[in-house]
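Participant: So the chains spell out like this:
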Amino acid sequence: MTESPENMSLADKLYRTKYEPDPAHPHIVVDEKICANCKDKVCLVICPAEVYKADPNDPKRVTVSHENCLECGTCRQACPFGAIEWLYPEGGKGVKYRYG
Amino acid sequence: MTDEDRVMMDAIVVGGGPAGLAAAYTMAREGLEVLLVERGEYCGAKNVGGLVYGTVLNEMIPNAFEKAPVERPVSRRTMVFLGEREHIALDFGAEEWSRPPYNNTYIVHRSQFDRWFAEQVEEAGANLLEGMVVDDLIYESSNGTRKAVGVKIRGDEEFYASVVVLADGANSLVTEKARAELGFRQGRHKQDYAVGVKQILALPREKIEDRFQLEPGEGAAMDLFGAPFEGLIGGGFLYTARETLHLGFAARISSMTAAGLRPDDVLDRLKEHPVVHKLVRGAELMEYSAHMIPEGGYDAVGQLAGDGVLIAGDAAGFVNMSAYKEGTNHAMESGRAAGLTIIEAKKKGDFSRDTLSAYEQKLESSVVMKDLKQFRKVPEVLEGCPNLLSLYPKKVNRMLVDMFTCGPESKREIKKKAFRNFMKGLPKIRFVRDVVRARHLA
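Protein chains in written order, with my numbering: chain Y, 1 to 100; chain B, 101 to 542.
Keep in mind that the hints were calculated from the coordinates and are not lab data.
Listed below are the simulated DSSO-like cross-link pairs for lysine-lysine, each with C-alpha atoms no more than 27 angstroms apart in a straight line:
{"no.": "1", "chain 1": "B", "residue 1": "Lys277", "chain 2": "Y", "residue 2": "Lys41"}
{"no.": "2", "chain 1": "Y", "residue 1": "Lys96", "chain 2": "B", "residue 2": "Lys425"}
{"no.": "3", "chain 1": "B", "residue 1": "Lys524", "chain 2": "B", "residue 2": "Lys511"}
Ranges between beta-carbon positions, derived for each pair:
{"no.": "4", "chain 1": "Y", "residue 1": "Asp22", "chain 2": "B", "residue 2": "Lys290", "range": "26 to 36 angstroms"}
{"no.": "5", "chain 1": "B", "residue 1": "Lys524", "chain 2": "Y", "residue 2": "Asp22", "range": "50 to 60 angstroms"}
{"no.": "6", "chain 1": "B", "residue 1": "Pro201", "chain 2": "Y", "residue 2": "Asp12", "range": "38 to 48 angstroms"}
{"no.": "7", "chain 1": "Y", "residue 1": "Thr63", "chain 2": "B", "residue 2": "Lys277", "range": "23 to 33 angstroms"}
{"no.": "8", "chain 1": "B", "residue 1": "Gly244", "chain 2": "Y", "residue 2": "Thr63", "range": "42 to 52 angstroms"}
{"no.": "9", "chain 1": "Y", "residue 1": "Val29", "chain 2": "B", "residue 2": "Glu444", "range": "36 to 46 angstroms"}
If you're wondering where the values come from, they're calculated on a predicted model, not measured in any experiment.
Cβ coordinates follow ideal geometry from the N, Cα and C atoms, glycine included.
Make the full structure from the sequences, and use the hints.
Facilitator: Pasting the structure below:
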């Protein structure tokens, strides 16, 4: 039962949170054109669930793993260019907090 | 769709958090036809929080907290100022906080608490529609005024009502659209948001009680400031639930991006701090969560009532970010005020902005806007001096540790050195200015 931050990756942590996955309906879309010209890409850092990652094949591109999203909405407020289109996931889908 | 086909309610509430539930409860109790739409599988599925003040809920539902899923009352509060390796704690409490009515301050798991509240709302006669998403409102224009007349549910369904209460939380996409559509007056300042991240950590009950010096049935709430949050406008918290701990922090998004910090890393840093580590060590992570908090305060609150619409809770920005951090209670108070306003409007048969703006007056004379107004300078003070919550705790820590470090020098020399260290890199004028500003925070 010993858990310490040192040996837990963010993926390990997210694994403890319950989701109702909905792979067919991404609720986040980024504007590829804006992102390609964005140097800072604050979304890569600010998202608590690391939903946004630089595409390993093309670091100018931003990939979105919407299934990890904790639905806080921070990315929308943080992006200075309004490049993130954020819809609520389908009813009952997405993160499902048991403790909250 | 012809008028006869329309499903017509007195009121539709968007969002099943404390604001929306309080609004629906208030109206259903008075016999209004209410529909509450929640996008989560159940009310509470998307909600995060730890501390709930109970004054409003207790007025609405007598002895609510004897029935609600409460983890522990707050018997002790502690403000902990963390240096890199040292700390100061201001610990206070009262025996009566461990007895009914428990100072009306409780530690809860919001997903479970909100779900319970939703059951009460349903029993009161409101219709709950869970697992359904409202994407937008339905509008109509007559005599040059645009008004809301219902909600669009994803999947083409539409529901109509005399009035819609928007309680869609901090990440309030529906409210945002409605404000634009109806041309609502903005607040004096733009809304500012913090990002909050939390871990729920399981630990056996006896261990929690031993580590936090609690009797069974007592609880502790800690606010954490200082080194782990250096350069950030924010702080941490540690609450004892029955067999879990809430450990988390919240910081202004702009300060996080300016510092280039990842929320998860900041929380790890807090968790690794010796003071925190000793309290949470060995605990098993049960859930990792994130949520936004609207922190702009009084001056970020804009228009709240329009033709056929009221806005309540986090969607309206009713969070007090002073030392008294309060949001859930304000949400419930605003939901109740919205409900009462609609009950009156129904009696008059008038849901125009004129009638509904009684809601804004109710809030102004309630604790919600009174408190927000009293602490209206908090956002400004924190922005003007982001060091307030990290630099000074660190310096005072150092000074105390310096003063009580056992060494060969005389006490006079030790004190002199401690004071010199304290003032190092701190112009006197700035020090005085910061002290003057800090009084706005509590």
